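K.L.:
Just so you know, the sequences run in chain order V and S.
Residues in the first sequence are numbered consecutively from 1, following our numbering.
Residues in the second sequence are numbered consecutively from 1, following our numbering.
None of these hints come from the bench; they were simulated from the model.
Remember, it's a predicted structure, so these values are computed and weren't measured experimentally.
Just so it is clear, CB atoms sit at the ideal spot from N, CA and C, and this is done for glycine as well.
A hint or two may mislead.
[To be verified] From the structure, some residues in chain S lie toward chain V, with a derived Cβ separation under 7 Å:
| hint | residue |
| --- | --- |
| 1 | G28 |
| 2 | P39 |
| 3 | G42 |
| 4 | L43 |
| 5 | E52 |
| 6 | N56 |
| 7 | L90 |
| 8 | T98 |
| 9 | F101 |
| 10 | G102 |
[What the hints assert, rightly or not] Some residues of chain S that are not near chain V, with every Cβ distance over 12 Å (derived):
| hint | residue |
| --- | --- |
| 11 | R9 |
| 12 | T14 |
| 13 | G16 |
| 14 | T20 |
| 15 | S33 |
| 16 | Q44 |
| 17 | F64 |
| 18 | F69 |
| 19 | R73 |
| 20 | T80 |
| 21 | G84 |
| 22 | P103 |
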Amino acid sequence: AQSVTQLGSHVSVSEGALVLLRCNYSSSVPPYLFWYVQYPNQGLQLLLKYTSAATLVKGINGFEAEFKKSETSFHLTKPSAHMSDAAEYFCAVSSSGGSYIPTFGRGTSLIVHP
Amino acid sequence: KAGVTQTPRYLIKTRGQQVTLSCSPISGHRSVSWYQQTPGQGLQFLFEYFSETQRNKGNFPGRFSGRQFSNSRSEMNVSTLELGDSALYLCASSLAETQYFGPGTRLLVL
């Protein structure tokens with residue numbers, strides 16, 4: 001069984017400030033971990049993924065995430081927020097054995113203030 | 001490569017009708033999954049098709065069905081629509097562990 005918890009349904013930051021979106025997972029087997037972004041009335045776009053290579057993963061748009069097995073976490077960060085980063089962010093986990101169907105978190109809405 | 005495409009993008013139906021949504025995966029991807037997204041329930045997995053066979057199924061009633069064709073294109077059908085079926089329906093295709101999503105079909109049931 002696998003599950004994902006995203007802490008905070010809404011995160012508000014000022015433009016230029018650090019973005020930190022939290023994700024904790026549980027998985028009985030080594031996981032694959034993903035962050036997706038969704039803009040209004042659009043599908044989910046892959047930001048980055050962890051597939052058991054480097055624990056620090058760099059993605060698109062300046063985002064990165066670090067896999068910490070001991071903390072079962074995969075938090076998403078960006079050093080400096082832009083107004084265009086305002087969107088819904090989803091963390092997801094899937095298993096390395098058998099079907100890859102991911103389990104998604106409930107999402108975190110990132111609000112960026114000028 | 002072209003991304004995942006979904007048609008139609010928007011749809012309005014009335015209760016009791018049925019609807020068919022279409023999804024064309026990324027070329028070479030054989031797995032197609034469908035999700036329902038609503039504000040209250042978030043992203044919920046409907047089913048996955050691989051090589052024309054349903055490989056995984058979520059916890060939805062039998063009114064929700066799907067199929068996949070030999071070219072990997074997939075359709076999902078919802079019969080006897082209910083107001084609660086109003087949602088964004090997302091299709092995702094994959095080659096392995098990573099799913100790539102289409103823009104979704106916004107269904108409104110009146």
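K.L.:
The structure should be examined with respect to each hint, and the outcome stated for every one.
P.N.:
Here's how the hints hold up against the structure:
1. G28: With a minimum Cβ separation of about 16 Å from chain V (threshold 7 Å), the hint on S/G28 is violated.
2. P39: violated (10 Å)
3. G42: With Cβ-Cβ at 5 Å, under 7 Å, it holds.
4. L43: This hint holds: S/L43 lies near chain V, its Cβ roughly 4 Å from the closest one there, short of 7 Å.
5. E52: violated (16 Å)
6. N56: holds (5 Å)
7. L90: The hint holds - S/L90 has a Cβ within 7 Å of chain V, the shortest such distance being about 6 Å.
8. T98: Holds: closest Cβ of chain V sits about 6 Å from S/T98, inside 7 Å.
9. F101: holds (4 Å)
10. G102: holds (5 Å)
11. R9: Violated, because the least Cβ-Cβ distance between S/R9 and chain V comes to about 9 Å, which does not exceed 12 Å.
12. T14: Non-interface label on S/T14 holds, nearest chain V Cβ at 22 Å vs cutoff 12 Å.
13. G16: holds (26 Å)
14. T20: Correct as stated: the minimum Cβ-Cβ distance to chain V is 19 Å, above 12 Å.
15. S33: violated (7 Å)
16. Q44: violated (9 Å)
17. F64: holds (16 Å)
18. F69: Answer for S/F69: holds, closest chain V Cβ roughly 21 Å.
19. R73: holds (17 Å)
20. T80: holds (26 Å)
21. G84: Non-interface label on S/G84 holds, nearest chain V Cβ at 19 Å vs cutoff 12 Å.
22. P103: It is violated; S/P103 is separated from chain V by about 5 Å at its closest Cβ, not greater than 12 Å.
Checked against the numbered hints listed earlier, the structure breaks hints 1, 2, 5, 11, 15, 16 and 22; every other hint is satisfied.
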